[in-house]
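Student: These are the residues of each chain, in order.
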Amino acid sequence: DGGITQSPKYLFRKEGQNVTLSCEQNLNHDAMYWYRQDPGQGLRLIYYSQIVNDFQKGDIAEGYSVSREKKESFPLTVTSAQKNPTAFYLCASSASTGNNEKLFFGSGTQLSVL
Amino acid sequence: RKEVEQDPGPFNVPEGATVAFNCTYSNSASQSFFWYRQDCRKEPKLLMSVYSSGNEDGRFTAQLNRASQYISLLIRDSKLSDSATYLCVVNKNNNDMRFGAGTRLTVKP
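As given, the protein sequences belong to chains A and B, one line each in that order. Residue numbering for the first sequence follows the numbering used here, beginning at 288 and increasing consecutively. Residue numbering for the second sequence follows the numbering used here, beginning at 365 and increasing consecutively.
Quick caveat, the hints were computed from the structure, so don't treat them as lab data. Treat the hints with caution; some may be incorrect.
If the Cβ cut is set under 8 angstroms, some of the chain B residues that face chain A in the computed set are [claimed, not checked]:
no.	residue
1	410
2	424
3	431
4	434
5	461
6	465
7	470
To give an idea of the interface, some chain A residues facing chain B are shown, with a C-beta separation under 7 angstroms as derived from the structure [as the list claims (entries may be wrong)]:
no.	residue
8	294
9	298
10	328
11	329
12	342
13	395
Beta carbons: idealized from backbone N, C-alpha and C, even for Gly.
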């Protein structure tokens, strides 16, 4: 089945630790995204990438880093600089850089601080 | 002003009711518009795209008013299974997708 896979489903971070969230898609999509969702709130854009080896900051990129070395993969690192990382993280992809393409989402990673 | 604004609700309606959600957006150059549905602690799923001419999919009708920078979603004959959070999504430009905070709907027996 084609789709977008996030792992792990649950992740715990210790103080001062960097953690990496995985996102893989086999839909052959060009664009990939990372969003953060806090309880009772909408999705906020962290980073997005329209093509391999290129990515742009979203509204809340501070404390996060990404890479796009392969079309299929867009990992997100939550660094120790992100002081409030507890949230639900959603990865998404879309087919092209046009203006009418829908987003396909992974099932999300819940990150909590120990 | 937020880029995409929605009434957070909650909307509590009986089965069979008609309910409407509204969404406004700030960027007049926004290119395309969508409604997504999200169940608790799950990923959002596309409900429908929104076109200038308006579009209907069964019990769901979406409308776009570019002049007023306003999008709406109408649900007729509400079902218990319609209970969810409905997210308004705006494509600012070139796949820079922005989400509203969502409107929570509970349909009661």
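Student: Work down the list of hints and note, for each, if the structure agrees.
Tutor: Now the hints, each set against the structure:
no.: 1; hint: 410; result: holds, 5 angstroms
no.: 2; hint: 424; result: violated, 15 angstroms
no.: 3; hint: 431; result: violated, 19 angstroms
no.: 4; hint: 434; result: violated, 18 angstroms
no.: 5; hint: 461; result: holds, 6 angstroms
no.: 6; hint: 465; result: holds, 4 angstroms
no.: 7; hint: 470; result: violated, 14 angstroms
no.: 8; hint: 294; result: violated, 14 angstroms
no.: 9; hint: 298; result: violated, 15 angstroms
no.: 10; hint: 328; result: holds, 5 angstroms
no.: 11; hint: 329; result: holds, 4 angstroms
no.: 12; hint: 342; result: violated, 12 angstroms
no.: 13; hint: 395; result: holds, 6 angstroms
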